[in-house]
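Visitor: Starting from the structure of chain A, add chain B where the hints point.
Protein chains in written order, with the working numbering: chain A, 1 to 386; chain B, 387 to 772.
Be a bit skeptical, because a hint or two may be false.
[Stated by the list, open to error] Distance condition first, Cα-Cα at most 30 Å in a straight line; then the derived DSBU-like pairs of lysine-lysine:
(1) A:K160 <-> A:K225
(2) B:K546 <-> B:K560
(3) B:K546 <-> A:K149
(4) B:K535 <-> A:K225
(5) A:K149 <-> A:K160
(6) B:K560 <-> A:K63
(7) B:K449 <-> A:K225
(8) B:K507 <-> A:K121
(9) B:K449 <-> A:K174
(10) A:K160 <-> B:K546
(11) B:K546 <-> B:K611
(12) A:K225 <-> A:K174
(13) B:K611 <-> B:K560
(14) A:K63 <-> B:K611
(15) A:K160 <-> A:K146
(16) B:K535 <-> B:K546
(17) A:K160 <-> B:K535
(18) B:K449 <-> B:K535
Hints listed in this document are in silico derivations from the structure and should not be mistaken for laboratory results.
2 protein chains.
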Amino acid sequence: MSRTTGVEALLEEYDAYLHVGDGADSDLYYLTEFSVPDSVVYLYTTEGSTLVLSSLEFERARKEARVDRVRNTSEYLSGDRRGDPEARLHLLNSLLGDRDVEAVAVPRGFSVWLADGLRDKGYRVDSVDSPVEDARRSKDDGEIAKIQKAQEATEAGLEKAEGMLAAAEERGGKLYLDDEVLTAERVKTEIEVALLHRRCHLEDVIVACGEGGADPHWRGEGPLKAGEPVIVDIFPRHDSGYHADTTRTWVAGEPSGEVEEAFDVTVEAMEAAFEVLEEGAGVSGEEVHDAVCDVYESYGHGTTREDATEGFVHSTGHGVGLDVHEPPRLSEGGGELRSGDVVTVEPGLYYQSWGGVRVEDLLVVRENDFENLTEYPVALRPVSSR
Amino acid sequence: MSRTTGVEALLEEYDAYLHVGDGADSDLYYLTEFSVPDSVVYLYTTEGSTLVLSSLEFERARKEARVDRVRNTSEYLSGDRRGDPEARLHLLNSLLGDRDVEAVAVPRGFSVWLADGLRDKGYRVDSVDSPVEDARRSKDDGEIAKIQKAQEATEAGLEKAEGMLAAAEERGGKLYLDDEVLTAERVKTEIEVALLHRRCHLEDVIVACGEGGADPHWRGEGPLKAGEPVIVDIFPRHDSGYHADTTRTWVAGEPSGEVEEAFDVTVEAMEAAFEVLEEGAGVSGEEVHDAVCDVYESYGHGTTREDATEGFVHSTGHGVGLDVHEPPRLSEGGGELRSGDVVTVEPGLYYQSWGGVRVEDLLVVRENDFENLTEYPVALRPVSSR
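The shape of chain A in the complex, shown without the other chains:
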């Protein structure tokens, strides 16, 4: 399957596939292998692919973009009309008119204003499922190598965080490092610096200690405390555009019995997920999620299958690639996994009374097994150097 297989298939019913997006648009990046700060137009017809962008990006696009032709916005518009929506509509109309297009497929997220504008001009405009979703799921070796770069950086970040927790001293319940209070902010900064030196960027990072950790999305802030679980979840984007995503939970000092039990059950749940995934492609995301829920429920913890508000309250995992959350889903209703799917497995337990624990690995589904991209050890007590 090539990157444009799904786009070509659309030409059976439509004259063109039209996509408007910017550097944050992963489908567009996947199709063009080219990233721009501003909005660009991608058009695919029987004549192949055309990318239309401003003169600022034109030369770079001609060299780098994987499209059949690159056009300059100035061919369609005079002056600086960037950001003017009427101008954008005029450009699309010229572009489609030049190619005798009548029926256009656009992605679901396409601007309703542009779609209505084109309809007013007589085009048939239908929104369709992403034509690259299938192709994007199956990561090739080049893509996996990029994800591995992001993963190496992620593990360097984990090592930094674990080392800080291991070296911290307890004074009256709080943790100190180099005679200063050890805060979530300090750990985050060190993680971010470690990742930057490996050409990775973080939109955000989770360093969540104590009760607040009961909300799996809480980013964490303030002093880290001894004896309480610290969830460190790192999900950076490498300069290549690809992400990684891995989580560890540590306790500096003595964990409570219930945190230790929650951690052990979570490791067992992860192993149960791996056992299902060892069958490789063909197992469903739901089967993996079920295996995790079975373990948790057997120990009396609530799960998403019971709409629990405490216990295991999120899905088991998700795809990772150009987006940090992308198909497939390892959850209720999650469909068949395919060879080349890169997914997380991230069981966790969350309780208002003490917070949360989560352990997350990143792996590739293969034909008859899976390959774990994560090498980082799993242990509740932090060790000063790995």
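Guide: Frame of chain A, contents of chain B only:
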């Protein structure tokens, strides 16, 4: 003007304003002062504002989001149907139906698939201009304080870069620092680290040396060279969500005569822009741009007014806030500036034969003058410490 003034005005013609977006959606962040990783629904009716999001974010939203009420996705959907577009449509239908809504205004960028789905269910759905564009333009003191935080970090990054260039030694045309080749990548990493320590993130940063700098959007890479201009353009997002944007150009070693002339004319062009801006609110973005073009053209350089491909090939500036590029525009057709507009002024010259120079300040338009938020000195020769 309150943040919802424009949204309230829509209720004269519509029963509701409906917005679907995520943490990257600045209008949504502006309306709710709440940032989420996943997609949420914002609805404004005569009953006020409602935010609908998943249980993962529910508690945090109840505490932090500036809306009249927060609803849990689970009230409308069973199970984990996050990311399922049919489920999203079902949710919108329930939400609108509960409130007897018939006519809905949505932003221009609203998903055509969702809009068509709602139309199929009998709603009138019209796309409208952003109802917060006007409110977002006028930054209040709180917002300007956040932009200033980003600006302080930006200047710390400039200082780092300038210091590295000043300390570099020339060997055979290349620059060395600490006995290693000084590359754009090394400078970028140091800038990023300096910004991280000030709670700022960079999607990207420009360190562009030599001929490649003739493309104003080129990010820059590889060894930095003596005697050639290095454009350093930093435009980070502070953790508060607000941006700054400032550029300096330096030459380590001896600049050529034409680079020195280009730099001097650019400084003169910037001063001409400031002279217009001293009148404060009421001058137009086009007038400021014209003043810059007048200077450049008087020295024989091409400008955007002549559709030049070399010379001054971009606009004079743009608004900065929750987005790094937002209204108003300081360019041809750019309308009246208002008090509270935070804008860049960034003249520059670009030639294929030697690259580019650009100088950019960030400032606030006031009623009868302007306030320059940039304190960083302007000089072509780098100095080791400021």
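Visitor: Could you work out which of the previously given hints the structure breaks and list their numbers from low to high?
Guide: none
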